[in-house]
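Engineer: Each chain, letter by letter, is given below.
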Amino acid sequence: MKLKWTLLTFIFTIATVLTGCEPLLVLDPKGPQAATTADVIWLSIITMAFIVITVLVLLIIILVKYRASKQDDDYEPPHIEGNPIVEGIIVGIPILIVIFLSIVSVVSTYQVETVPEGYEDQEPLVIYASSSNWKWHFSYPEQDIETVNYVFIPTDRSVQFKLYSHGPITSFWVPQLAGQKYAMADMVTTINLAAESAGEFMGRNANFSGEGFAENTFNVIAMPQDEFDTWVDDIHATADPLTEDIFNELLEPGHLGQLAFTGTHLEFSPPPEGEHGGHNHGSSDDTEQSEDEHDDSEHDHH
Amino acid sequence: MEFFERFAIPHPDPMIYASMVAIVLVSIAIVAGLTYFKKWGYLWNEWLTTTDHKRIGIMYLISALVMLFRGGADAVMMRLQLSSPEMEFLNAQHYNEVFTTHGVVMIFFMAMPFVIGLMNYVVPLQIGARDVAFPRLNALSFWLFFAGAMLFNISFVIGGSPDAGWTNYFPLASNEFSQSVGVNYYMWALQISGIGTLMTGINFVVTIFKMRAPGMKLMKMPMFTWSALITNVIIVFAFPVLTVALLMGTFDRQFGTSFFATGNGGMDMYWANLFWVWGHPEVYILILPAFGIYSEIISTFSQRNLYGYKSMVASMVLISLLSFFVWVHHFFTMGQGALTNSIFSITTMAIAIPTGIKIFNWLLTMWKGKIRFTVPMLYSVAFIPLFTVGGVTGVMLAMASADYQYHNTMFLVAHFHNTIIPGVVYAMLAGLTYWWPKMFGFILNERIGKWAFWFNVVGFVLAFFPMYITGLDGQARRMYTYSESTGFTPLNMLSFVGAGLMAIAFILIAYNIFYSIKNSPRNVGDDPWNARSLEWATHNPVPEYNFAIEPEVNSSEAFWDHKKKKHTLFKGKIDKIHMPNNSGIPIIMAGILFVFGFSFVFSIWPAVIIAAIAFFACMMYSSFENDQGRYISADEVKETEEKFGGASK
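Residue numbers (UniProt numbering), protein chains in the order written: chain A, 1 to 302; chain B, 1 to 649.
Among the clues, some could well be false.
To be verified - The calculated lysine-lysine pairs, modelled on DSS-like cross-linking and capped at a C-alpha distance of 27 Å, are:
#1 Lys643(B) with Lys310(B)
#2 Lys368(B) with Lys70(A)
#3 Lys564(B) with Lys70(A)
I should point out that these hints are in silico values taken from the structure, not numbers from a laboratory.
Using the sequences and the accompanying hints, generate a full structural model.
Structural biologist: The structure is reproduced here in structure tokens:
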């Protein structure tokens, strides 16, 4: 019995912590994608709490009622093979719950994989986010600037991060804006998101990538479009251009502070997409190339 | 000099030097002790060369307990390092090595041998057999596991531990990003022990199909044997994938291929796919025997037959099939798109259905029962709600969109420990306590056992439930440190306290073994728990031939029928019994493979070639050796039976 009370007390403690303190990052969304995942998480927590409580209550009742110390010495438990109605219920209810959650899962997965609802008509701001040991490089092809370890985005605008890696697999994660996606060396993956309130958000690599992994973080600063434009102009006015030599130095393993440059590394060190994709095996054969491009375009458009 | 430099530790540390000294001292003490007490002959004849499934089972269990303490020490070190922000107990490199070895040791060298050890001891007894189908192969399986475990464990004193996580994702695990020999050790230690496991799989499938007692149809097998059968079928299908993946990894690292290395057409996610095509069935390889053990224990201590026997079997078969169709949920975030993720999300959630059926069947087994709270039963009772929490968080993780937020966080860490500890570890502790009198003829002290149980459960809840919260607050797994501003401190400190309580629990369990060896009464009889299945129909501890007369069976609870319905188990008279001979070949072959693996790790090719030739020579020798086994005479059997208190019942 002590166990049950320990558990119950603990659940109440968790509930108090959850409601009392600052909201947990994942459950404190600042954009539509993270809001969808937060809703799914809350819905699943409630459904799952129902299941856990049912099992716990049944268990407690059974343990209290049928413990040996409460029964006659000569009580001989019956032999029960099974009952189609009871077994129908214990199969049926889990199936219904799983069907319900499957629908939620599929619908929400399609939602977070595409451009956020309400932003479909906008031209998204494309930012290439590439990781190297243990930094993040953000390239703005349209604005022709590049930053390291921090990224500015306009609020209320569809933003498309194109992810890849200069080294081990990493995972791009800004919990308050969207879930994770891997950045890999041989293909480009895409995250669509939008920020609906201005502010500074924690971003990090969530996938273990070696010695400097713990500090492999970046800041996302969301601001209105006009401030964003001013910021871009500032960078153009003040920052140095990014050359291939400088970029190769940046790639050296280690940690760096926040940096900004004009120009992007995409020109001299193209991302692994299209003809530079990891799947084209470095071949110049025409037929193979076209097949590979087909492959890669599939990778980009999910 | 350059030759020897490779064997040095790349990241030395006083703790590692202290361990080196400790290892040398303990080894000297063991050798000196064996010599002084003149036990070499006993050790060699009775244990190292044995083909008896019971002794092999016990050796598996001893190894598993030792590895539990090694992996547990890693765990406490990790929790200590994270107990406060900016802690300077371990640096990043050491932390990476510690969590890598923690994962590998706990899965491959603790949980696997624990499961296989209990199967070894119990399954032949439950089906009324005298041994497994291929006793010498069984010994080879054990020694290959042991060689792999030793190879893995010397890595941290010679050449350096692997540091790319137990999942060992490429390209992080490639030469470019992991330059020490650590990952080579990972490849060969798992390769050698994995081949041993594959042989176990084949051995037990054949044993269960071909060696059951007369009358024991498949649907009359005890539930643990059913779980063992399904587990071993999964092993046979899943482990070859690991073998191939490890070989490709070895080629990438040591022969310059690029299966997984990026560039030259390699694909980094190829490793992740192969790893989890094996890895997800692997978690069911661990949990299904645990389900079997809980079924036996809950039924015994509720004094009731197992509710819904058929649906229990059906749900395990269903789980084993589904286990091969869910691997992608380990990397929903790879960017394979919404359609693929939706499919794998649904298959994953589908596993909750058969698992839910099992939970309710266990509850219904206790219903109208007569529940006795012994130590094995306490673990089983705690398992039900705790595993339900682990299961439902698994369903939460299976929802792909939400998984984008849980992936790689402490939420995930909390989930899988929530299934593995109450699921597998509690089952192993419960099973060990339950079958202990079968193995050694006395019961482990219940009082100390209950103390250990409470420390275990409270420690577990404190250690792992806070991780669900820190995960949702953005704490990624495998971070060796965090800053105070993250706010992770109080909950991580709580986890550390929980880990400390669990450490006390396991120390109590070890102490209980010593205490009970000295103090427990030896007159517990052959059926101390009032149990139901066939293994309790023979003596405690079990004589080497298991059953003097082959039992005849007509239900899944043959022994219960014998006790309550006057079913005659043993018809006929005692006859001579055919038994397998001991053999030194398995341990020699495993020793050779150890040398092979070690030399391969350091690319010492002459030694690799010599070891390979020696290995094939052993195989040739075995093939042409004429070993017909031996007979125990009827008189000798009768004498033994009388010593145990009367001939067969």
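Engineer: Look at each hint and say if it fits the structure.
Structural biologist: Verification of the supplied hints:
no. : hint                     : in the structure
1   : Lys643(B) with Lys310(B) : violated, 40 Å
2   : Lys368(B) with Lys70(A)  : holds, 12 Å
3   : Lys564(B) with Lys70(A)  : holds, 23 Å
Against the hints set out earlier in the document, a violation occurs for number 1 only.
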